[in-house]
Amino acid sequence: MKLSVMVNEGPYTHQASDTAYNFIVAALTAGHEIFRVFFYHDGVNNGTRLTTPPQDDRHIVNRWSELSEAHDLDLVVCVAAAQRRGIVDSDEAKRNGKDSDNIAPGFRISGLGQLIEAGVQADRLLVFGD
Amino acid sequence: MSETKKFMYINRRAPYGTVYPLEGLEVVLIGAAFEQEVCMVFISDGVFQLKQGQDTIDSGMKNFSPTYRALGDYEVTRLYVERESLEERGLTEADLMPLTWEDEDDDWAEKPSIHIVSRTQLSDLLEEQDVVFNF
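These protein sequences, in sequence, are chains A and B. Numbering-wise (the numbering used here), the first sequence opens with residue 1 and increments by one. Numbering-wise (the numbering used here), the second sequence opens with residue 131 and increments by one.
Quick caveat, the hints were computed from the structure, so don't treat them as lab data. Among the hints, a few may not be true.
[Said to hold, decoys possible] Straight line, CA to CA, 25 Å or less: simulated PhoX-like cross-link-like pairs of lysine-lysine: (1) B:K136 with A:K2; (2) B:K192 with B:K181; (3) B:K181 with B:K241; (4) B:K135 with B:K241; (5) B:K241 with B:K136; (6) A:K2 with B:K241.
[Claimed, not checked] To be clear about the criterion: a stretch of chain A counts as covered by chain B if any three or more of its residues have a C-beta under 8 Å from a C-beta of chain B, and this derived list gives those stretches: (7) 101-113; (8) 120-129.
[Said to hold, decoys possible] Beta-carbon label-pair distances, calculated as ranges: (9) B:I246 with A:R124: 27 to 35 Å; (10) A:Q83 with B:D237: 36 to 44 Å; (11) A:Q83 with B:D235: 20 to 28 Å; (12) B:E218 with A:G97: 45 to 53 Å.
Yeah, the Cβ is synthetic: ideal placement off N, Cα and C, and Gly gets one too.
Starting from the given sequences, assemble the full structure and let the hints guide the process.
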């Protein structure tokens with residue numbers, strides 16, 4: 001089955017991104033296709049490479065980046081939600097006059113149209129959040 | 131993308147306590163460009179999003195309630211409000227903004243966008259959907 005996933009909560013504060021991650025791993029293992037993972041609301045905080053959790057805990061951001069690399073996952077961070085919360089790639093940093101970017105490897109910033117398209121194209125859209 | 135799906139946007143929260151209603155509305159507006167079959171649902175504290183006379187000046191937050199009036203222009207013309215949620219909060223349809231849309235197939239007649247429906251009717255509607263967003 002072709003699946004799209006929406007992640008609506010930030011890492012560590014909320015279980016949603018852990019559950020989404022575990023779901024995607026299980027779905028890939030079972031042979032399903034992940035069309036796209038879309039990060040919205042505080043979910044955009046899953047995409048900052050500046051995250052530094054304690055060493056004895058899971059690294060949620062790196063885990064997404066590694067999963068993306070291994071399975072060619074399309075990890076999309078909503079641009080409007082990201083701007084509110086300070087998640088920027090180099091283009092956005094330049095455009096908004098910021099001195100740095102912080103997007104993690106494997107993530108890209110794009111618009112909400114990508115979410116709607118994910119809903120249209122996939123057999124199922126799964127939403128993780130409150 | 132020739133395929134048309136049924137999209138439902140469920141709004142469950144009061145307008146200004148969290149950012150979900152505002153960001154949810156942004157999804158609806160962008161989604162409107164994709165020409166899918168769209169409806170919105172307001173349940174629980176979500177019914178407060180449609181309340182008349184919202185004033186956010188003292189809170190310093192942006193009053194985004196006028197955006198709901200533009201939904202008709204985006205061809206988002208079906209807003210289902212749950213009767214039980216209104217009643218539980220001491221509200222009636224008269225407390226809500228009078229939202230309308232213009233029906234181009236009916237000589238641009240102005241028609242109400244808000245439909246008050248029961249919990250049971252909503253459950254049937256939900257059953258028909260392909261894609262459901264929760265905000």
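Evaluated hints:
1. Between B:K136 and A:K2 the alpha-carbon distance is near 18 Å, which keeps this suggested pair within the 25 Å criterion.
2. Note on B:K192 and B:K181: the hinted pairing holds, with a Cα-Cα distance of about 15 Å set against a maximum of 25 Å.
3. Restraint check for B:K181 and B:K241: satisfied, since their Cα atoms lie roughly 19 Å apart, inside the 25 Å limit.
4. The straight-line distance between the Cα atoms of B:K135 and B:K241 is roughly 24 Å, inside the 25 Å bound, and the hint therefore holds.
5. Simply put, B:K241 and B:K136 have alpha-carbon atoms about 21 Å apart, close enough for the 25 Å limit, and the pair holds.
6. Between A:K2 and B:K241 the alpha-carbon distance is near 38 Å, which puts this suggested pair outside the 25 Å criterion.
7. As drawn, the region 101-113 of chain A meets chain B at 3 residues by the rule of a beta-carbon pair under 8 Å; at three or more, the given contact holds.
8. With 5 residues bearing a CB less than 8 Å from a CB of chain B, the region 120-129 of chain A meets the requirement of three and the coverage assertion stands.
9. Checking the proposed 27 to 35 Å range against B:I246 and A:R124 shows it holds: the Cβ atoms sit about 31 Å from each other.
10. Separated by about 42 Å at the C-beta atoms, A:Q83 and B:D237 satisfy the suggested range of 36 to 44 Å.
11. For the hinted restraint 20 to 28 Å between A:Q83 and B:D235, the CB-CB distance of approximately 39 Å leaves it violated.
12. As the Cβ distance of B:E218 to A:G97 is approximately 48 Å, the hint placing it in 45 to 53 Å holds.
When each numbered hint is compared with the structure, violations occur for hints 6, 11.
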